Amino acid sequence: MSMSNHSREARWLGAISLTMVVLGTIALSSCSRPYLFMRTINEEESRYVRFQARYGEGQDGVALKFAHPAALGESEWAHLLGNIVIQEQKKLLVPGAAESAPRSAFDEDGRRYLAKHLAEGFQKARPDEWVVFYLSHPREPGVVEIDSGGFFIEDERLHLIVANYRQPVSMAFIREQIWNDPLRPAGDSFYDVIPQDHQTLQTVRRKDLTQSLLKQVSDLSIDYSAQLNDDVSGDREAVGSSIEDRLRILKRLRDRGLISEEQFRMKRERLLERL
Amino acid sequence: MGQIALQTELLRRSSPSGATVIILVLVVLGAIELAAPQESHAIPAFARKYDADCAMCHYPVVPRLNNFGQMYRRMGYRTPDEVNKDQDLANVSNFLSGRIKAQFGYENNKGQVERTQFTSPDVSVFYAGAISRNFSGWLHVFANNSTNVDVHGHIMGNWGTAENMIMVRVGQMHMFNQEGVGGFDRPTGLNPSPTQVLALTSTSSFTSGAASAYTFDSRQKGVELAYIHGPGKLAVQVSNGLNQNGSGTQNTGDIDPQKDFLVFYEHLLDDIASGFTLFYYNGTTHGTVTTTGTGAPTSISNTFNYSRYGFNISKIFPVAGYGFFELQGGYIKSYDNNPGQFGSSPPSNVEGNAFYVESQQYVTGPEVTFYERYSWIDLDAARKNSVRKDYTVGVVVPIQTRLRTTAEYTYTDNRFSGITGHLALLELQANW
Numbered sequence: 010m011s012m013s014n015h016s017r018e019a020r021w022l023g024a025i026s027l028t029m030v031v032l033g034t035i036a037l038s039s040c041s042r043p044y045l046f047m048r049t050i051n052e053e054e055s056r057y058v059r060f061q062a063r064y065g066e067g068q069d070g071v072a073l074k075f076a077h078p079a080a081l082g083e084s085e086w087a088h089l090l091g092n093i094v095i096q097e098q099k100k101l102l103v104p105g106a107a108e109s110a111p112r113s114a115f116d117e118d119g120r121r122y123l124a125k126h127l128a129e130g131f132q133k134a135r136p137d138e139w140v141v142f143y144l145s146h147p148r149e150p151g152v153v154e155i156d157s158g159g160f161f162i163e164d165e166r167l168h169l170i171v172a173n174y175r176q177p178v179s180m181a182f183i184r185e186q187i188w189n190d191p192l193r194p195a196g197d198s199f200y201d202v203i204p205q206d207h208q209t210l211q212t213v214r215r216k217d218l219t220q221s222l223l224k225q226v227s228d229l230s231i232d233y234s235a236q237l238n239d240d241v242s243g244d245r246e247a248v249g250s251s252i253e254d255r256l257r258i259l260k261r262l263r264d265r266g267l268i269s270e271e272q273f274r275m276k277r278e279r280l281l282e283r284l
Numbered sequence: 011m012g013q014i015a016l017q018t019e020l021l022r023r024s025s026p027s028g029a030t031v032i033i034l035v036l037v038v039l040g041a042i043e044l045a046a047p048q049e050s051h052a053i054p055a056f057a058r059k060y061d062a063d064c065a066m067c068h069y070p071v072v073p074r075l076n077n078f079g080q081m082y083r084r085m086g087y088r089t090p091d092e093v094n095k096d097q098d099l100a101n102v103s104n105f106l107s108g109r110i111k112a113q114f115g116y117e118n119n120k121g122q123v124e125r126t127q128f129t130s131p132d133v134s135v136f137y138a139g140a141i142s143r144n145f146s147g148w149l150h151v152f153a154n155n156s157t158n159v160d161v162h163g164h165i166m167g168n169w170g171t172a173e174n175m176i177m178v179r180v181g182q183m184h185m186f187n188q189e190g191v192g193g194f195d196r197p198t199g200l201n202p203s204p205t206q207v208l209a210l211t212s213t214s215s216f217t218s219g220a221a222s223a224y225t226f227d228s229r230q231k232g233v234e235l236a237y238i239h240g241p242g243k244l245a246v247q248v249s250n251g252l253n254q255n256g257s258g259t260q261n262t263g264d265i266d267p268q269k270d271f272l273v274f275y276e277h278l279l280d281d282i283a284s285g286f287t288l289f290y291y292n293g294t295t296h297g298t299v300t301t302t303g304t305g306a307p308t309s310i311s312n313t314f315n316y317s318r319y320g321f322n323i324s325k326i327f328p329v330a331g332y333g334f335f336e337l338q339g340g341y342i343k344s345y346d347n348n349p350g351q352f353g354s355s356p357p358s359n360v361e362g363n364a365f366y367v368e369s370q371q372y373v374t375g376p377e378v379t380f381y382e383r384y385s386w387i388d389l390d391a392a393r394k395n396s397v398r399k400d401y402t403v404g405v406v407v408p409i410q411t412r413l414r415t416t417a418e419y420t421y422t423d424n425r426f427s428g429i430t431g432h433l434a435l436l437e438l439q440a441n442w
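Heads up: the protein sequence lines correspond to chains A and B, in order. Heads up: the first sequence is residues 10 to 284, going by the working numbering. Heads up: the second sequence is residues 11 to 442, going by the working numbering.
Warning: the hint list may mix true and false statements.
Covered stretches of chain B (in silico footprint by chain A; criterion: 3 or more residues with CB under 8 Å from a CB of chain A, positions within the stretch not fixed) [stated by the list, open to error]:
1) 88 to 98
2) 176 to 189
A few chain A residues that face chain B, going by a derived Cβ cut-off under 8 Å, partial list only [to be verified]:
3) H146
4) P150
5) R175
6) Q176
7) P177
8) V178
9) A181
10) I183
11) G196
12) F199
In case anyone wonders, no lab produced these hints; they're calculated from the structure. Please read these numbers as outputs of a predicted model, since none were measured by experiment. The beta-carbon is built from N, C-alpha and C at its ideal position, and this holds for glycine as well.
Could you put the whole structure together from the sequences, leaning on the hints where they help?
Given below as structure tokens:
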């Protein structure tokens, strides 16, 4: 082999080695994780609500200053949670298929559980603590679906970041990963949060949550005072309104997933009997 | 020719060196990738069907399967809840997927011209899934880097429960390499171990084409009968034999009445992807045999028998807070029963030995997987110092959704062929 071939080969080996080192270094440097401090509000085998303070990565060394603690009752939380609506993303290659209907993000049991412990948690939360949740639903043998995310209140608005929604998980280490950090997305999302009245939705870069500079998460911001007032006045209207108005309100409650189909039919029949 | 050579030389002098270009490409891509890691999908149709991220079926990256993915495939592309249930075929989205691979490669073999090239090793369309209560189908159409278009697929039947079932496959298919566990699954990197894709016995010491050129990576035409019990699978396969190169257009070849047999047992050890496989393959053929031979046998006297047996195992260990570390390896004993009419005088049999060891490191967070492999193949050539050794390192990074990139480097020291050299590949793969 000639000298020039030797030097070319050496150059290539150097190039390849350097590339591997660079890739490795970048990979390992992006491994830095935030320091998480958790306190339990309630914990069961398949779900919990906890406080979580995050320091380090993405926080620039500054403690977060949320408007915590906050006094919201259980029924108020139930109202707010009932107004969080999600919709399944449209799939490819399904010509003519009806789009999935928006529905309440949390089922009745999940709403009741979260409302109770979020109310309790926000009354004790410190200014640097999120209130995070983890809900696991059995799907089939070997697979669970996980909802996880966190709430915080800032500038009179309640923020919700849903990191994982109905995320099917088959491996224990991914379950543990979400269990240990419910604010970290474990994969692709197949659902969109649909903002309702007094809600705005922003996609934001949160490297502290995603460990990625480019990946985004959805931040649902809720003017919770306005929403609660609306619901209260709506209820008042309902008490004194016509049967037609009541039917309309009933339909709205069903569409939002706040009442079941069976409850809807039962109430509707009662109202119609009065005609 | 002289003019072209001069232009090439001028181009070489006036352009940045190939090494510099590759460094820049890899570093830039690597930085982008690592800043934006996400998972990708192997068979996106299944991900769409179940609203599932790829991690439900894959570890550490697509296309390698985890325990759930292995069971899903064994059950005929069904989840446990779908076993013995009728299927809805109306939604094409649940069955149809596409895949494109684009590669840039650098090759520098001793005594040969240094080369770089862009290639497209695989453009594929899959149409696959469960199609009725007990049957499922797998259809894979792909064009490779040349003008070759392949079509292969199989029909699969499953009877029993998710825990106990009988499975039958018939068609043209990967027999157990790329369908198995413990290192016989789809590779994490770009290529499986050389022990699985190369011939393992010497052909040069015999009459041309006489020794077996069987490789575990052939997509053969045949049938499989398996019993699946929990994490274990015991299977018997009968196939035409070694000389199928995967082309669905071939209809002749090793069609002698003496079929090839493969018996294997594979076992999944955990819910990630650890597992092991024990196997025995016995093949018989007549006439001239090559990996691409299509001629019908003309005589039954030229009987040639060969066998392969060995094991593969992989074990994945958690590394608290960082990810996982995997050790993988396998050994294959090859035996060619050389017939007198083909062999040298006196006729001699061939006993090849091959093994590989591999480690992989999966880093949670950036979702990066590093891998390193060493393989050793002794073809039992009729001369000393004829072992082939391959050293491979690589890194795989999913980028956003439905994309993955891989950088892989292999140094080959092949004393049998006399070719020693470097091969570096950068691949971008899209699945949707």
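How the hints compare with the structure:
no. : hint       : in the structure
1   : 88 to 98   : holds (count 3)
2   : 176 to 189 : violated (count 0)
3   : H146       : violated, 13 Å
4   : P150       : holds, 4 Å
5   : R175       : holds, 7 Å
6   : Q176       : holds, 6 Å
7   : P177       : holds, 4 Å
8   : V178       : holds, 7 Å
9   : A181       : holds, 6 Å
10  : I183       : holds, 6 Å
11  : G196       : holds, 3 Å
12  : F199       : holds, 4 Å
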